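Asker: Chain by chain, the residues:
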Amino acid sequence: MNLDSVFRLESLYREERRRVLATTVRLTGDFDLSEEAVQDAFVAALEQWPRDGTPASPYAWLVSTARHRVVDQLRRRGRFEAHIEMERLAELEGAEIDLSEAAMVDDQLRLIFTCCHPALAVDAQVALTLQTVCGLTAEQIARCFLTPVATMAQRLVRVKRKIRDARLPFAMPPRDRLAERLDGVMLVVYLVFTEGYAATTGKVWIMRPLSDEAIRLGRLLCELIPRNPELRALLALMLLHDSRRQARTGPDEEIVTLEDQDRALWDRREIAEGVPLLETALRDGAKSEYALQASIAALHVRAGRAEDTDWGQIARLYDALLRKRPSPVVELNRAAAVAMAEGPSRGLALIAELEAKGDLAGYHLLPAAKADLLRRKGQWREAADAYRQALQLVANDPERRYLARRLEEVEQRGLRRS
Amino acid sequence: MEYLLLIYNNEADFDKMSQTEMGAMYQDFMAYTKDIQKSGHHRAGKQLQPVATATTVRLKDGKRTVTDGPFAETREQLGGFYWIEAKDLDEALAIAERCPSARMGSVEVRPMVPPHS
Chain A
3 MNLDSVFRLE SLYREERRRV LATTVRLTGD FDLSEEAVQD AFVAALEQWP
53 RDGTPASPYA WLVSTARHRV VDQLRRRGRF EAHIEMERLA ELEGAEIDLS
103 EAAMVDDQLR LIFTCCHPAL AVDAQVALTL QTVCGLTAEQ IARCFLTPVA
153 TMAQRLVRVK RKIRDARLPF AMPPRDRLAE RLDGVMLVVY LVFTEGYAAT
203 TGKVWIMRPL SDEAIRLGRL LCELIPRNPE LRALLALMLL HDSRRQARTG
253 PDEEIVTLED QDRALWDRRE IAEGVPLLET ALRDGAKSEY ALQASIAALH
303 VRAGRAEDTD WGQIARLYDA LLRKRPSPVV ELNRAAAVAM AEGPSRGLAL
353 IAELEAKGDL AGYHLLPAAK ADLLRRKGQW REAADAYRQA LQLVANDPER
403 RYLARRLEEV EQRGLRRS
Chain D
11 MEYLLLIYNN EADFDKMSQT EMGAMYQDFM AYTKDIQKSG HHRAGKQLQP
61 VATATTVRLK DGKRTVTDGP FAETREQLGG FYWIEAKDLD EALAIAERCP
111 SARMGSVEVR PMVPPHS
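Taken in sequence, the protein lines are chains A and D. If you read the first sequence in this note's numbering, its first letter stands for residue 3, the second for the next number, and so on. If you read the second sequence in this note's numbering, its first letter stands for residue 11, the second for the next number, and so on.
Derived by calculation from the structure, the hints in this document are not laboratory data. The structure displayed is predicted, hence computed values, not measured ones. Please note that a few of the clues may not be correct.
[What the hints assert, rightly or not] Think about it this way: if two alpha-carbon atoms lie no more than 20 Å apart in a straight line, the pair counts; the simulated PhoX-like pairs of lysine-lysine are:
| id | chain 1 | residue 1 | chain 2 | residue 2 |
| --- | --- | --- | --- | --- |
| 1 | D | LYS56 | D | LYS44 |
| 2 | A | LYS164 | D | LYS97 |
| 3 | D | LYS97 | A | LYS162 |
[Stated by the list, open to error] Estimated spans, in silico, between C-beta atoms of each pair:
| id | chain 1 | residue 1 | chain 2 | residue 2 | range |
| --- | --- | --- | --- | --- | --- |
| 4 | D | ALA112 | A | GLY380 | 53 to 61 Å |
| 5 | A | LEU395 | D | ALA112 | 52 to 60 Å |
| 6 | A | ILE99 | D | ALA22 | 56 to 64 Å |
| 7 | D | LEU88 | A | PRO176 | 23 to 31 Å |
| 8 | D | SER28 | A | ALA358 | 48 to 56 Å |
Idealized CB from N, CA, C, for every residue including glycine.
In isolation and in its complexed conformation, chain A is listed as follows (with noise of 0.2 Å):
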């Protein structure tokens, strides 16, 4: 076999996998059968494309091959089945496909608005979105969630047996909901994003294919539905945080915060990027969370170093976003900006308010927040402390490290004055 041909089915194989199958979804209304199909025709194709040569339409002659798959398969079990309609079967062989490329972006944003349908778990339609629009492998996904691959394996399963046995409809939404829906789309979206960003647990401290195809998605998404200032804040949002990716650690994987990152290393073709689409998404409207995290993002960017950082601006901005929804952890956030703006005092005050009301009871950023304003006014015995606490709670092994190397730092700064 010529390898050349071989390479190029590779790269059609990444490109047109989500089109072909969107489509075949559509068309035969089976997704899991579609799944199975698809890749048999790519299979059917690798073997036949480099003899008989590459057809005019490689996408028409793939969503073809994948549709006779399903209708085989759903011959072949129809026998056994008595609900399946013989007349639809040849129906849906002989319907013709639409190749225009309005018919393609339809499909494709049928099968994203299925797989973030709000009658599915949120964490079911991350991993189906991962699986079926972005064509990761159950193996993968669950590697990518610290996630044994069974019990990632049996969620795939259930979730499409559900898509299949409440009959969800692949569709687009009504017109009424669409908002609603694509605001499910973008939590999706975004919830991939933050995973790859920081792991939760495990060892692992950034998760480069998560966030890479967190930002895939968003791009596509801004392709198929053009002009969507939130979608545009959203991919905004994941390419400035993504910029700084790495500077955020060192060479032993250890964290380095944003006040000590070296700013040569952040990646300028994503702040090209990430700021002027803000910008026109602002322009025209943005107002979502996603816009002010995108907001605080860009300041940071924009900041040469970290002592230009327009902290009161910042603080202003986790003001939005409480009034917008109510978190201790954006409050804790906001804490952290204050005290840039105002002072440590200020933000301990904040913090102290913050521990009595008992929301983050648990939670390893709270006293490391506080263990980090303490340092700042040197009371090094009372940092250390909160450093201690923080290790306490902590999961996640960078930040142990992390955490462990400041205490270290206080303890000896203590001892030296005292």
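On the provided structure of chain A, position chain D as indicated by the hints.
Answerer: Coordinates of chain D only, in the frame set by chain A:
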């Protein structure tokens, strides 16, 4: 495709309702039933007596035990059902959402196993 809408309410809420409020709620249910009958989605529907009237039966090793009350105590209790016909889950959810109980309690939407499978 057939779905069962299981209607859950907190029965204690009904005790707090005035005569007029109760009347208005029944009016709402009647209007809703008529509505989904007219649109052709309605198959059947019944209101159930309060959970205090429930009895649970189990047969273990051929021995029958009868106990007072429902299978499990819950904050909201099953108060009735609608058996509907809908094109897909989205249509079923849109019908369920209009049910008066969606506002007061909750409505669980369960697909029925299709015949012959």
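Asker: If a hint holds in the structure, say so; if it does not, say that too.
Answerer: Hints versus structure:
no., hint, result
1, LYS56/D / LYS44/D, "holds, 13 Å"
2, LYS164/A / LYS97/D, "holds, 16 Å"
3, LYS97/D / LYS162/A, "holds, 19 Å"
4, ALA112/D / GLY380/A: 53 to 61 Å, "holds, 58 Å"
5, LEU395/A / ALA112/D: 52 to 60 Å, "violated, 40 Å"
6, ILE99/A / ALA22/D: 56 to 64 Å, "holds, 57 Å"
7, LEU88/D / PRO176/A: 23 to 31 Å, "holds, 30 Å"
8, SER28/D / ALA358/A: 48 to 56 Å, "violated, 41 Å"
The structure fails to meet hints 5, 8 from the earlier list, while all remaining hints are met.
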